[in-house]
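Undergrad: Here is what each chain is made of, one letter per residue.
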Amino acid sequence: MSVMKLENVSFSYETQKIIDDLSYEFEKGKVYAVTGRSGAGKTTLLSLMSGLTSPSDGKVIFNEKDVADIDKCEFRSRWVGVIFQNYNLLTTLTAMENVMLSMDISGVKMEDNAAYARHLLARMGLTEDEMDRRILKLSGGQQQRVAIARAMSFDPDVILADEPTGNLDMETQEDIMDIFKGLADQGKCIIIVTHSPKVAELSDEVMSIQAPEYKRQ
Amino acid sequence: MYIIRNALRNISRSKGRSILIGIIILVVVLSATISLSIRQAAVTAKEEGLSKLNVTANITLDRETMMKSSGSSGTFDKDSFKKAMQSSGLSLTELQKYAKADSVKGFYYTLSSSVDGSGLDAVESNQPSGGPGGNSSDSSDFTLIGYSSDDAMTSFTNGNAKITSGSMFDEGTDENVCVISKELAKYNDISVGDTIKIKNPDSSKKTAKLKVVGIYKTTASTNGSSAVMSGGMFGGDTANQILTSYTAAKAVNSSMSVDGSLQGTYTFSSVSNYNKFEDQAHDLGLASKYTVESSDINQFEQSLQPLNNLSKYALWFLMIVLAIGVVILVVINIFSIRERKYEVGVLSAMGMKKRKIAAQFLAETLAVTLIAIIIGTAAGAVSSVPITNKLLTSSAVTSTDSFDRGGPGGSQPSSSAAATASSDSSVQSTSSSSGSSSSSDSSSSSSGITKDKAGRGPIGNYISSISSATDMKVVFEVLILGLLLSLAASAVAVNYIMRYDPLRILSERD
Numbered sequence: 001m002s003v004m005k006l007e008n009v010s011f012s013y014e015t016q017k018i019i020d021d022l023s024y025e026f027e028k029g030k031v032y033a034v035t036g037r038s039g040a041g042k043t044t045l046l047s048l049m050s051g052l053t054s055p056s057d058g059k060v061i062f063n064e065k066d067v068a069d070i071d072k073c074e075f076r077s078r079w080v081g082v083i084f085q086n087y088n089l090l091t092t093l094t095a096m097e098n099v100m101l102s103m104d105i106s107g108v109k110m111e112d113n114a115a116y117a118r119h120l121l122a123r124m125g126l127t128e129d130e131m132d133r134r135i136l137k138l139s140g141g142q143q144q145r146v147a148i149a150r151a152m153s154f155d156p157d158v159i160l161a162d163e164p165t166g167n168l169d170m171e172t173q174e175d176i177m178d179i180f181k182g183l184a185d186q187g188k189c190i191i192i193v194t195h196s197p198k199v200a201e202l203s204d205e206v207m208s209i210q211a212p213e214y215k216r217q
Numbered sequence: 001m002y003i004i005r006n007a008l009r010n011i012s013r014s015k016g017r018s019i020l021i022g023i024i025i026l027v028v029v030l031s032a033t034i035s036l037s038i039r040q041a042a043v044t045a046k047e048e049g050l051s052k053l054n055v056t057a058n059i060t061l062d063r064e065t066m067m068k069s070s071g072s073s074g075t076f077d078k079d080s081f082k083k084a085m086q087s088s089g090l091s092l093t094e095l096q097k098y099a100k101a102d103s104v105k106g107f108y109y110t111l112s113s114s115v116d117g118s119g120l121d122a123v124e125s126n127q128p129s130g131g132p133g134g135n136s137s138d139s140s141d142f143t144l145i146g147y148s149s150d151d152a153m154t155s156f157t158n159g160n161a162k163i164t165s166g167s168m169f170d171e172g173t174d175e176n177v178c179v180i181s182k183e184l185a186k187y188n189d190i191s192v193g194d195t196i197k198i199k200n201p202d203s204s205k206k207t208a209k210l211k212v213v214g215i216y217k218t219t220a221s222t223n224g225s226s227a228v229m230s231g232g233m234f235g236g237d238t239a240n241q242i243l244t245s246y247t248a249a250k251a252v253n254s255s256m257s258v259d260g261s262l263q264g265t266y267t268f269s270s271v272s273n274y275n276k277f278e279d280q281a282h283d284l285g286l287a288s289k290y291t292v293e294s295s296d297i298n299q300f301e302q303s304l305q306p307l308n309n310l311s312k313y314a315l316w317f318l319m320i321v322l323a324i325g326v327v328i329l330v331v332i333n334i335f336s337i338r339e340r341k342y343e344v345g346v347l348s349a350m351g352m353k354k355r356k357i358a359a360q361f362l363a364e365t366l367a368v369t370l371i372a373i374i375i376g377t378a379a380g381a382v383s384s385v386p387i388t389n390k391l392l393t394s395s396a397v398t399s400t401d402s403f404d405r406g407g408p409g410g411s412q413p414s415s416s417a418a419a420t421a422s423s424d425s426s427v428q429s430t431s432s433s434s435g436s437s438s439s440s441d442s443s444s445s446s447s448g449i450t451k452d453k454a455g456r457g458p459i460g461n462y463i464s465s466i467s468s469a470t471d472m473k474v475v476f477e478v479l480i481l482g483l484l485l486s487l488a489a490s491a492v493a494v495n496y497i498m499r500y501d502p503l504r505i506l507s508e509r510d
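These protein sequence lines map, in sequence, to chains S and U. Mapping the first sequence onto our numbering, position 156 (from 1) lands on 156, and the numbers just tick up by one. Mapping the second sequence onto our numbering, position 422 (from 1) lands on 422, and the numbers just tick up by one.
Excised from the complex, chain U in its bound form:
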C-alpha cells in the first residue's frame, strides 16, 4: 500500500517529469484509440453490412478452369475453349434444380434478347459500345427482358423505378404486353395502349408485336451508363429496354426465332447460406466448370475499400507511433532512473527490497499511463468519428477519381454502383449460353454515396461515413497497449534498479 502511496506522492512532487511522460503516453493512446477505432469501424461495418445484405448469386462459368482444361499438355486451344463456352449454358430445368438446395431462399430468372425495332427508334445513347458489361459485337437497338416474377424486377421492388403511366403487366402473363421507359415513349411518341413492333436483328421478316401497358420512370442515370434493369448483358441503354414477363418474352423470341439469354438468380437469407450454396449445387450435380458468384458481396466489399485502406494505414500509423513512443519513454526512463539513482540507493539502504522499489517505479508509470489512457481514450472516442469520416471522405473521393480514370475505355466500371450495407440489391450474372458477362442491378442507399466532383451522380458507392467507432473492445485494446507500453518503458528502469548496489550509490554520492 505504501508503495502506491509513495508512487502517487512522487508523481505529484515531480510534475515536470510526470507531465512529460503523460503527454507522450497521451499522444500514443490518442493515436491508438483513433487507429483501433477506425479498424473497429471497418470490422463492424463489414459484419453489420454482411448481416443486413440480401445476398443474391448466380452460377457462372469458371473460365480460368475452362481455359486450363482447353487444349492438351498445357497449351491453350482457343477453338476448343470457344466450343466449350458455347455449349455450356444451363437450362431452366437445371437452374431450378439447384434452387432446391437447402441454403437457397428464393429463385428467379430473366430472359434477355437483342432485338431491333420496326418503326420504333432507339433512344440515342452516348454510351460507348463495348464497355465493361457490354458486348461490342452486338449492335441491336433494344433489349427485350422477360421476368419470371415480380421479385425479379428489383428496380421496381426497391423503388428505383416506378410506373408513371398505365400499369405493370401481370406477373407471369402470357400476353404480349410490355412496359417501356419514359424516354423511349417520349422519343417515339408512344402512349399506354399503343402497340410496338420489334424484329429479329438478322431477319426483318421475323417480327412480333407488344402492347405497351405501362410507362416507367427510373431514378437511375439516363445517360446510358446505368443499366437499371437486369439483363443488361447487351450493354444497351436502359431507356431502350423493353420489359415483359418471361412467358411472353419466350413466346416473342420463339415467334421471331431469336435466342435469348437465360439468367438465373438465387437469393439467400445470409452470407453463410450463400457460402454453403456452391457445395450444395455441386452435390446436386453442378459440373465443376461452374462456379457461384455474388456481385453483392464483391460490391459490398468494394464499398468498404476506403474504410479498409484507412484501417490498414491507421494500424501502420499506430505501429510507428507505438515504436516512437516506446523509444522516447525508454530514453526518458533511463535518464529518470539515473537521476533517481540516489533515491534507489537510499531506499535500498533503508531495507526496501529491490523488487518493491521496482514496483514503486512501475506504479508511477502505470498511474501516469492510466490517467493518459482515460484522457486519451475519451478524446480519441470523441474525435475518432469526425476524423474517420473526414479521412474516409477524402479517401473515397480519391478512390472514386482513380476508379473513374481506370477501366477499359475510361468508362465507369460497372453499370451499377457498389452495394452498400443497407442496399437492397440483386446481382444477376448470366448462366446462359454466352456465359461471359455479368451485370448487376443495385440500388444505392441514402448514406454512403460518394458523388463525383462533377456531380454526375453516384459513381462509387463507397462507405464515406461511420456513426460510431470506439467501443469497449477498443477501450480494452487501448488499455492493454497502454499497459504494455508502460511495462516496456519501465522494464529498463527495473533492470537498472535490480543491478544497483546501494553502498556504491551512496559512496558515489558522498
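Next comes chain S alone, as it looks inside the complex:
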C-alpha cells in the first residue's frame, strides 16, 4: 500500500526545470534509495516530499491526501521525519535537547520523553556523555546520528534522509542501514537520497532520477 505517491510532479526554479513529470509510489515497510547524478534534483525531490516546497505541476500524495492540502508544519512534525544533508541541528542545544525539542514540537507524549530520547540516541551509538554535549562539541558522524534520532523521535510514517550515511564509516553505514531496515520492518517507509552504492545495494528499491536535459538526450 503506497504511503507516498508522486503524480506527474514537475518543479522549476525560475526558468530552469529541475524535475519533469515524475511519478512514483512509495510503500510502507520498504527502504528506498533515490540515486542520480549531482544536480539531478534528488534533494529538491526530498524538499517536495517533505512539504518544504511545492511542485510547479503535479501532486505529492501522502496517505491518499494531496500534501498541498495538509498543514505543512503538522505534516513535518507528525508524519514525515527529515534527515538533512547538513543535519540542521540547533547548535545551542545538546543532542538530548535537539531530540526532545523535536518531540515537543510534534506533541509526542511518551511515558518519559527524556528516557525515550536517551534510548534513541543510545541506539544511534551515542554515549551518555555525548548525549549531553552541545552539538558543536560532537563530531560530524555523531551529529549525523543525532539528526537520525531526531527524525525518528516522533515515530513518523515516512523518514526522508538526504545522504544520511555520508559522513559515516562503512561499519557505521551498515549499522545505520540496519536501523532503517528495522524501522521498515516496523512498517515505516524510508526514502534515502544517496550517492552510495552500498546504501543502494542494501535498499529494497532504487529510484534513479536524472535531470530533464539528460532525459531529453
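Honestly, the hints are just simulated from the structure, not real lab data. Since the model is a prediction, treat every value here as computed from it, not as a measurement. Honestly, I wouldn't trust all of these hints.
Computed cross-link-like contacts, DMTMM-like style, restricted to lysine to aspartate or glutamate with a CA-CA straight-line distance of at most 20 Å [unchecked claim]:
1) S/72 x U/501
2) U/182 x U/124
3) U/353 x S/74
4) U/211 x U/171
5) U/354 x S/74
Each pair of labels, with its calculated beta carbon distance range [unchecked claim]:
6) U/371 x S/21: 50 to 60 Å
7) U/8 x S/181: 32 to 42 Å
8) U/13 x S/74: 27 to 37 Å
9) U/338 x S/133: 23 to 33 Å
10) U/8 x S/63: 30 to 40 Å
11) U/339 x S/137: 17 to 27 Å
12) U/371 x S/23: 51 to 61 Å
13) U/317 x S/119: 52 to 62 Å
Calculated from the model, a selection of chain S residues having no Cβ within reach of chain U, i.e. all distances over 10 Å [as the list claims (entries may be wrong)]:
14) 18
15) 23
16) 24
17) 27
18) 47
19) 110
20) 111
21) 125
22) 133
23) 139
24) 170
25) 172
26) 184
27) 185
28) 206
29) 208
Using N, Cα and C, we set each Cβ at its ideal position, and we do this for glycine too.
Following the hints, position chain U against chain S.
TA: Then chain U, alone, in the frame of chain S:
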C-alpha cells in the same frame, strides 16, 4: 510550555545578548519608574494637599469683565471704569447673605482703616511703598484692623502670633481696646494699660483713643515685608498695625469720620465646596461683575510649581528615553533575528509553526523585560525619593531666585509665602469699596519651606521634599510600558520570522 522552556534556555545560553537587552530595558525601566514616580508624587501632593487645605475665599471684582463693559463699542472708558469700581463695594449685609450658601462652612470679616498717630510714632519700615499688595497713594502711618471674631485673627489661631504681655481683647467687644505689636510698644515705650491716640489722616482734629490691653509678638518677618495680619491692603508694616474688634473699629472710624475697608472671608470644608460657592453666591443675587477667588488654592498650586515642573520635565525625559530605548532594542532585535535566522529555519523545517517561533522569541524578550522591570522598579522606587528631593530642592531654589528677582520694584511677590498642604492659612481679599487688592495671611508649615540663600526666611513656600513616590499605580504603569517596549521591539523580529522561508534559509546555509 516548551516554548517558555526553550525561551528561558536561550536566555541562559545567550548571556551576552540577554544582558545587553536587559541593561537597555533596565535603564528605560529605571527612568520610567523615577519619571512616573515624580509625576505620581506631584499628583498625590496635590490631591492630599487640597484635601487637607482649609480653603478660604473672598468675593472680588472681576476687573477684566468690568473693563470690557466700561465704555461703548469696544473702547475703554477710564472714568466710567473708575466710577464703577468706586461704587462696587459690597455691604456687610450682602456679604452675610452669601455666607448662607450651603457650601460655606464659616464666615468672618475685618474692617481696615488708615489712620495716623497722635503722639504715636510709626515704626520705621524699609518696605518700599507701592509694592504688590501695597497702595502707593496711601501714606498713613498705621492700619487699624477690626476683627469680627477670634477666628478672623488667623495669625493668632495658627500660632504665628501670640500675646506676650496683657491679654487679647474680648471677642466682639465694643470697648475702645486694642493690641499692638511688641515693636510698636517698644518704639513708643507703651505698656499694657496705656492709651494710644490716633487721628484721621486728613483731619488732625478728628481723633480717637484706644486702650492697649495686650502686646503681641509675631514669628513672621518684621522687616516690613510680611503683613502677618489680615487687612494689609494699605501695605503697612505689620508692626504698625493696631488690632481691635470689628465693633470697636467701626465706632472709632465713625468718631474720626474715616472710611474703612470691609473684607469678608468665607471658609469651606473642602475644595469641592469652594468650587460650588460662586454659582451659589450668584444664585443668591451676587452680580456677575463679582467673582470668587481663593488665594489658598492659588498659593497651594504655586507651592507645587517646582514639583509640577519637575513632573513635566520627567515625562519629557521618559519619552526621550523610551524613544531611544525602542530604537536601540529594535536595532538589536534586527541584528539578533538575522543572526538567528538559521535557528528559525531549522525550527520551521522541524514543523514548528511560525507563530510559535515568534512566541518563543517574544517570550525571550518578555522574560528579560520582566527581570529588568523587577530590578528597575525596585531600584527606581528606592532612588526616586532622594532623586526627586534633590531635584526639587534645586528647582525650588531656582524658582525662589527667579521669583525674588521678579515683580514690581524687585520686592517679594506677596506679603505671605505660598501656602503648603498642611498650612492652616486664610486668605482675605477685599470686597470693600476699593475692591482692588488682596492680601493674604498664611502660616507656613514646618516642611517644604525654602529659604533664600541669605537665610532671610521663607520667601517661597515651595514643596521641596516628598516622602514617597512609587506606588502600585507606578509599578503597574512601568509594567505596561515595559511590556509595550518589548512588544514594539519584538514586532520587528516577529515580522522577520513570519516572512522567512525555511527552505531558503537552509539552502543559504548549505
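Undergrad: Now tell me if each hint is right for this structure.
TA: Hint check results:
no. : hint                      : verdict
1   : S/72 x U/501              : holds, 12 Å
2   : U/182 x U/124             : holds, 14 Å
3   : U/353 x S/74              : holds, 8 Å
4   : U/211 x U/171             : holds, 15 Å
5   : U/354 x S/74              : holds, 12 Å
6   : U/371 x S/21: 50 to 60 Å  : holds, 58 Å
7   : U/8 x S/181: 32 to 42 Å   : holds, 40 Å
8   : U/13 x S/74: 27 to 37 Å   : holds, 28 Å
9   : U/338 x S/133: 23 to 33 Å : holds, 27 Å
10  : U/8 x S/63: 30 to 40 Å    : holds, 37 Å
11  : U/339 x S/137: 17 to 27 Å : holds, 20 Å
12  : U/371 x S/23: 51 to 61 Å  : holds, 57 Å
13  : U/317 x S/119: 52 to 62 Å : holds, 59 Å
14  : 18                        : holds, 13 Å
15  : 23                        : holds, 23 Å
16  : 24                        : holds, 21 Å
17  : 27                        : holds, 24 Å
18  : 47                        : violated, 6 Å
19  : 110                       : holds, 14 Å
20  : 111                       : holds, 17 Å
21  : 125                       : holds, 22 Å
22  : 133                       : holds, 14 Å
23  : 139                       : holds, 19 Å
24  : 170                       : holds, 25 Å
25  : 172                       : holds, 23 Å
26  : 184                       : holds, 22 Å
27  : 185                       : holds, 25 Å
28  : 206                       : holds, 25 Å
29  : 208                       : holds, 23 Å
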